[in-house]
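Undergrad: So you can see what is in the structure, the chains are spelled out below.
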Amino acid sequence: MIADATIPALPRGIRLHEDKARGGFTLMAPERILKLDQIAHEVLKRVDGTASVATIVDDLAHTFAADRTQIDSDVKAMLQGLADKRLLDLTDE
Amino acid sequence: MSDAAAQSLIEPPLGLLAELTHRCPLACPYCSNPENLDRRSTELDTATWKRVFSEAAELGVMQVHLSGGEPTARPDIIDITAHCRDAGLYTNLITSGINVAGQKLDALAAAGLDHVQISFQGDAAGPADHVSGRQGSHARKLELAAQVTGLGLPLTVNAVIHRGNADRVTEMVRFAVDLGARRIEIAHVQYYGWALRNRDALMPTPDQVRSSTEAVERARADFAGRIVIDAVVPDYYARRPKPCVGGWGKRSLNVSPAGKVLPCHAAETIPHLTFPNVRETSLHEIWHHSAAFNAYRGTDWMAEPCRSCDRREIDFGGCRCQALAMTGDAAATDPACELSPFHARMIAMAETAVAEVEASPLDTEYDYRRFL
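Protein chains in written order, with the numbering used here: chain H, 1 to 93; chain A, 1 to 372.
It should be emphasised that the hints constitute simulated quantities derived from the structure, not laboratory data. Hints may be right or wrong, so weigh each one.
[Claimed, not checked] According to the in silico footprint, chain A covers these stretches of chain H (three or more CB under 8 Å from chain A):
no., segment
1, 45-57
2, 79-86
[What the hints assert, rightly or not] To give an idea of the interface, some chain A residues facing chain H are shown, with a C-beta separation under 10 Å as derived from the structure:
no., residue
3, G15
4, E55
5, E58
6, M62
7, L113
8, A224
9, G225
10, D230
11, A231
12, V233
Bear in mind the structure is a predicted one, so any value in this text is a computation, not a measurement. From the three backbone atoms N, C-alpha and C, an ideal C-beta is built for every residue, glycine too.
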């Protein structure tokens with residue numbers, strides 16, 4: 001399970017892409033194009049390979065003035081789902 | 001439907017498969033290239049390919065698959081890769097793995113290559129080299145795979161499954177995990193072109209199909225979170241057809257070495273269609289207005305049992321090329337569907353192919369792919 005101190009990072013070959021033809025953002029991966037909703041995009045924008053999960057959750061809770069507990073569990077579930085698909089690396093400090 | 005009305009429903013394509021060349025150091029008997037291979041003298045030049053990739057990005061394509069033949073046989077492969085990245089395209093190299101390791105891969109990675117897909121003909125050199133038709137090829141692939149993962153690039157192992165290796169699916173997945181691949185394609189042979197020529201030597205037995213399907217499910221559980229397994233099922237034994245290329249003219253397009261634009265790599269087997277060429281026509285014009293791309297788009301072209309089927313928007317009636325090859329009518333239901341009147345005949349063909357040849361991979365004689 002993802003801890004607060006876990007640092008998520010997009011590995012080489014996985015990247016955010018602005019889809020100008022259709023609008024919105026996608027996550028590009030080998031033989032996969034994941035259309036991102038606004039929330040997923042806000043999370044992944046903050047994945048820079050140095051910020052911890054706790055930092056990302058703090059930032060989101062602050063930016064959107066939302067319930068931190070809810071954001072915490074949503075973000076951890078989303079990141080774990082991407083890691084299970086080999087689209088995200090998780091490093092425990 | 002008027003052309004203008006049809007166009008408003010046409011979504012832009014997501015992917016483009018670029019067959020940069022049909023030249024290849026390997027001779028796999030199930031090669032997906034057409035039997036009538038394009039020769040070097042007919043290949044598009046660098047400037048035309050670059051224009052094609054720019055037009056593709058403009059049209060809405062997000063991922064480009066640089067394939068062949070062996071795409072790195074073209075001396076401009078690094079220039080082309082850099083151009084694709086500059087155009088904003090996710091750039092995937094589909095390679096035999098021969099003559100790529102070393103400086104060439106370093107240069108491709110520096111040019112912005114996103115992903116490398118290496119075909120492996122087996123998990124051990126002997127049987128693998130027999131299938132590829134080239135001694136020593138497996139060892140060269142291993143060398144390239146190590147360099148790919150060493151650079152941190154994502155690696156996909158592309159494993160084509162047939163009678164000679166269908167019993168080794170578990171070993172293939174373990175092999176891919178040990179190589180450090182993040183993804184493996186377990187793709188049963190699709191029987192067009194070269195593979196159709198070799199069908200009797202390649203067709204797996206029903207037992208092999210069952211056990212290989214179970215092996216995939218087991219491996220998905222055993223290696224969850226370590227490798228992604230994408231499987232293409234053997235449709236001679238299927239109950240419903242595959243949604244071939246995600247629907248005709250719906251998600252992807254294919255450009256041949258000589259510049260022909262096709263809805264799928266086997267589409268030229270449909271003789272009454274004329275395919276436009278990027279030398280004369282823009283990709284936008286071809287995607288939206290060509291008769292070939294509109295021929296089997298949507299569901300209006302369908303006859304029964306597809307027309308009233310509740311799966312018509314799921315599998316689009318299956319594969320047009322297979323329908324033509326088996327029924328003589330490209331607009332018929334793919335015989336892989338059990339609702340097709342030709343389904344029993346397809347199963348009988350598979351059973352005959354299997355009954356006539358003993359399963360013995362190393363003794364199998366293949367009709368290897370070559371320039372005819």
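Undergrad: Tell me the numbers of any earlier hints that the structure contravenes, in ascending order.
TA: 1, 4, 11 and 12
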